[in-house]
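Sequences listed follow chains L and S, in order.
Counting in the working numbering, the first sequence runs from 1 upward without gaps.
Counting in the working numbering, the second sequence runs from 1 upward without gaps.
The hints are simulated quantities; they were obtained by calculation from the structure and are not laboratory data.
From a predicted model like this one, the values you see are computed outputs, not experimental measurements.
C-beta: ideal position from N, C-alpha, C; glycine also.
Be careful, since some hints might not be right.
With a straight-line Cα cutoff of 20 Å, these simulated PhoX-like cross-link-like pairs (lysine-lysine) come out [stated by the list, open to error]: (1) L/Lys433 <-> S/Lys334; (2) L/Lys433 <-> S/Lys108; (3) L/Lys432 <-> S/Lys108; (4) L/Lys307 <-> L/Lys277; (5) L/Lys429 <-> L/Lys84; (6) L/Lys429 <-> S/Lys108; (7) S/Lys339 <-> L/Lys429; (8) L/Lys433 <-> L/Lys208; (9) S/Lys114 <-> L/Lys429; (10) L/Lys43 <-> L/Lys208; (11) L/Lys277 <-> L/Lys262; (12) L/Lys125 <-> S/Lys334; (13) L/Lys84 <-> L/Lys217.
Derived DEER-like restraints, expressed as beta-carbon distance ranges [unchecked claim]: (14) S/Pro143 <-> L/Glu2: 26 to 36 Å; (15) L/Glu2 <-> S/Ala221: 16 to 26 Å; (16) S/Thr118 <-> L/Gln210: 27 to 37 Å; (17) S/Phe10 <-> L/Leu273: 54 to 64 Å; (18) L/Lys432 <-> S/Lys114: 41 to 51 Å; (19) L/Asp238 <-> S/Phe319: 54 to 64 Å; (20) L/Asn316 <-> S/His228: 25 to 35 Å; (21) S/Asp42 <-> L/Thr44: 37 to 47 Å; (22) L/Leu42 <-> S/Lys334: 33 to 43 Å.
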Amino acid sequence: MELDVSILSRIQFAFTVSFHIIFPSITIGLATLIAIWEGLWLKTGNPQYLQLAKFWIKPFAITFGMGVVSGIVLSYEFGTNFSKFSEIAGAVLGPLMAYEVLTAFFLEAGFLGVMLFGWQRVSAKMHFFATVTVAIGTWISAFWIIAANSWMQTPQGHQIVDGKFEVVSWLEVIFNPSMPYRLVHMLLAALITATFVVMATHAWYLRKGQHKEFGRKGLSMMLWFALVLTPLQAWVGDLHGLNVKEHQPVKLAAMEGIWAEKEANVPLLLFALPDMKAEENHYEVAVPGVASLILTHDWHGELQGLKSVPAADRPNVPLVFFSFRIMVGLGLLMIGVAVLGAYLRWRGTLYQSNWFLWPVSFMAPTGVIAVLAGWYVVEIGRQPWIIYGLVRTSEIVSPLPAERVLFSLTLFVLTYSLLFGVYLYFMRKLIKKGPAPIEHLEQQRIGVKASGYALSFTKALATDIDPSTTKGAN
Amino acid sequence: MELELSLELFYLLLLGFAILMYVLLDGFDLGMGILYPWFDTDVEHDHLMRSIAHVWDGNETWLVFGGVILFGAFPAAYASIASTFYLPIMLMLIGLIFRGVAFEYRFKSDTSKKYWNTAFAIGSSLAAFCQGLMLGTLVQGVPADFIHQSSFSWLSPFSLFCGLAVMAGYALLACCYLVMKSRGELQQKAARYGQRLLLIVMLSMLLVSLWTVWIEPEIRARWFGGWHALWLIPLPLLSVLAARLLFRDLGRVNRSHKAELPVQERHEERPFWLASGLFLLAFVGLLVSVFPYLLPRQLTYMEAAAPDSSLIFMLPGIFIFVPLICAYTLWGYKIFAGKVEDYQEGY
């Protein structure tokens with residue numbers, strides 16, 4: 001079989017970007033949670049909040065590290081594998097990413113050092129400031145990268161001169177029609193992802209009967225968060241869907257499995273096997289009229305189908321169709337958990353209900369999987385276009401020798417598989433080790449009241465007390 | 001050659017600034033990994049890692065910044081350079097991945113520490129080597145009649161030599177950084193290695209200079225045509241002067257540990273600034289050689305530039321945020337100023 005460099009480059013990008021998105025979708029939310037805990041600790045003086053912040057900062061640190069190293073790859077892959085794309089769209093996307101680096105990456109990196117290592121060197125308020133800055137940095141970063149991605153979905157504000165994109169209005173480029181929806185949807189998704197990572201861990205402690213107070217505090221907070229965030233996300237997701245209907249009708253048709261050129265009374269497909277050759281679905285399990293109702297707010301509403309465009313302009317329907325169902329399914333599951341948790345809390349049996357805690361303790365990856373599935377809908381659904389309706393993905397791949405791309409792809413698969421295993425191993429190790437005891441953290445409090453004192457205090461600790469104390473600090 | 005003040009020139013200078021910052025900051029950072037095998041105890045390795053654990057992420061961000069400035073301001077150059085250097089870039093990225101995660105995992109490991117040591121040392125060395133390789137190729141130029149993406153033009157004796165030279169340079173920076181951040185035996189060791197590396201670096205710089213002048217008539221004309229040599233002579237002179245001073249400083253640190261010299265007479269911070277100065281001079285020399293090309297003798301910065309709408313859009317961001325970034329980066333270094341302590345700090 002002849003190796004196709006276009007396919008290889010696309011597989012490599014899909015693989016590396018999928019791997020990357022796992023980590024920011026956890027750290028955006030986790031940084032926010034840590035900032036909230038630290039703020040609550042400063043406000044109330046309750047050491048439980050400090051315990052939460054100091055425990056979760058470790059998983060945060062390794063997750064953030066993974067995000068950084070896998071992210072650098074992406075900033076170069078546009079040029080290495082998609083050189084023509086960089087050349088024609090660089091004037092639009094490059095500046096957006098430059099702003100991302102200027103306003104977010106440096107900010108995160110600059111204050112991360114203080115957040116992780118500065119406990120004994122700055123005051124508690126300064127440390128809180130550093131944590132908040134890191135959290136805000138992650139949000140700003142999301143803003144720019146979503147702006148860039150959304151422009152590729154719903155481009156506007158540009159003109160094409162000699163085959164290259166030039167910007168006419170930056171406001172229109174940044175605030176393109178799909179950007180606000182995608183941004184809010186993604187930020188909520190990140191918060192929910194972190195919420196479930198934390199929730200699952202704390203449920204696990206409770207189920208195992210370890211660190212009970214710590215377990216309860218975390219689980220309780222996360223269930224409240226989930227109760228607010230998950231229904232909100234469903235609502236925002238619905239708005240986002242309406243936006244897709246308006247601007248990318250073919251993607252929507254693939255999500256819903258609609259083939260006819262125009263269809264009224266569109267059923268909601270719970271299951272189906274879309275067949276791209278026969279241009280129809282097999283084994284449909286459908287609820288009549290509901291898709292029309294959701295998307296047009298009318299039982300008889302009309303939707304555009306896949307056959308309205310030539311076969312060459314359609315995305316891979318089964319992939320989009322199933323990814324969408326996985327995302328929505330997991331979303332509904334998370335809403336269910338939040339509501340059930342609230343009910344159990346009202347009944348007063350939440351912390352004893354092992355039948356509830358047991359499945360919840362396995363739900364750490366649900367958010368991540370939903371995020372990945374969601375992005376597959378976005379990205380595969382945009383195909384065959386790289387810039388929707390304007391530039392085809394097949395036209396912009398670097399003319400590299402295929403074996404070089406195969407070589408790098410192999411390297412990435414090996415490296416990332418190894419690192420993912422390592423990441424899970426260390427996450428498990430940190431979680432099994434559990435939080436530092438509150439008494440130990442009280443020492444921290446002495447330290448942060450006077451930053452100059454703190455350093456000498458820690459030095460004294462290190463020399464006087466047994467080495468296990470110092471080892472435990474990391 | 002005419003030099004016109006323009007937006008494009010501003011971005012070329014900004015790109016130069018980003019690359020220089022990257023080379024200096026990630027230079028000592030990667031250099032720590034290159035030096036790693038020459039230190040053998042766990043305590044020493046801990047010390048090396050701790051001296052940079054809080055800054056490596058920020059340092060590496062300059063690489064991303066350089067990349068996106070190239071992408072945003074000179075898309076055509078970004079596209080052709082990145083795809084021409086496909087394999088070295090990929091290997092560099094893999095190297096950066098392994099050395100980057102080593103920071104987190106090494107401190108949290110019990111049994112797997114030795115693997116993270118290896119990952120850190122090899123990853124850092126690989127990344128530095130690939131950067132030197134690309135630098136060498138850029139100076140030497142990519143033959144115009146080649147199809148870039150499928151050529152192996154980046155693999156030549158000259159580029160390989162540059163790869164090794166950059167490794168030596170980064171290791172020198174790391175030695176000087178260590179002199180600043182450590183005390184006792186470790187500091188002495190760093191000063192001793194620093195002296196040897198300095199000799200290697202100076203010889204490499206000389207060799208690279210002669211080599212480029214010899215193989216590239218255009219570079220020869222740039223340096224020796226007309227009165228150019230007279231204007232440019234300060235560059236090599238200052239380099240030799242800085243190197244001389246640096247060598248003496250490092251020697252003093254070494255001797256003060258042997259009690260041959262009073263401690264007050266040693267400079268602990270100056271070596272790092274001298275080494276940085278040496279890098280700056282080499283960098284200016286490089287600019288003199290390749291200006292106005294981004295891809296030598298094929299693509300100038302004017303040809304590669306993005307339309308004005310993009311260049312103007314980035315300006316406010318640059319004027320507001322670059323000074324801000326420099327300020328808080330400096331603040332971060334200040335907070336962790338002084339020697340690395342032998343106890344575990346942090347989260």
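Results for each hint:
1. L/Lys433 <-> S/Lys334: Cα-Cα ~33 Å, so violated.
2. L/Lys433 <-> S/Lys108: OK: L/Lys433 and S/Lys108 at ~11 Å, within 20 Å.
3. L/Lys432 <-> S/Lys108: Roughly 13 Å separates the two Cα atoms, so the pair holds.
4. L/Lys307 <-> L/Lys277: Between L/Lys307 and L/Lys277 the Cα gap is close to 12 Å, so the pair holds against 20 Å.
5. L/Lys429 <-> L/Lys84: 45 Å, violated
6. L/Lys429 <-> S/Lys108: 9 Å, holds
7. S/Lys339 <-> L/Lys429: 31 Å, violated
8. L/Lys433 <-> L/Lys208: Holds, at about 13 Å.
9. S/Lys114 <-> L/Lys429: 18 Å, holds
10. L/Lys43 <-> L/Lys208: 31 Å, violated
11. L/Lys277 <-> L/Lys262: With Cα atoms ~19 Å apart, L/Lys277 and L/Lys262 stay inside 20 Å; holds.
12. L/Lys125 <-> S/Lys334: 18 Å, holds
13. L/Lys84 <-> L/Lys217: Roughly 52 Å separates the two Cα atoms, so the pair is violated.
14. S/Pro143 <-> L/Glu2: 26 to 36 Å: 28 Å, holds
15. L/Glu2 <-> S/Ala221: 16 to 26 Å: 47 Å, violated
16. S/Thr118 <-> L/Gln210: 27 to 37 Å: 35 Å, holds
17. S/Phe10 <-> L/Leu273: 54 to 64 Å: At 57 Å between Cβs, range holds.
18. L/Lys432 <-> S/Lys114: 41 to 51 Å: 22 Å, violated
19. L/Asp238 <-> S/Phe319: 54 to 64 Å: 42 Å, violated
20. L/Asn316 <-> S/His228: 25 to 35 Å: The hint (25 to 35 Å, Cβ to Cβ) is violated, given that L/Asn316 and S/His228 are roughly 60 Å apart.
21. S/Asp42 <-> L/Thr44: 37 to 47 Å: 41 Å, holds
22. L/Leu42 <-> S/Lys334: 33 to 43 Å: With a Cβ separation near 23 Å, L/Leu42 and S/Lys334 fall outside 33 to 43 Å, so the hint is violated.
When each numbered hint is compared with the structure, violations occur for hints 1, 5, 7, 10, 13, 15, 18, 19, 20 and 22.
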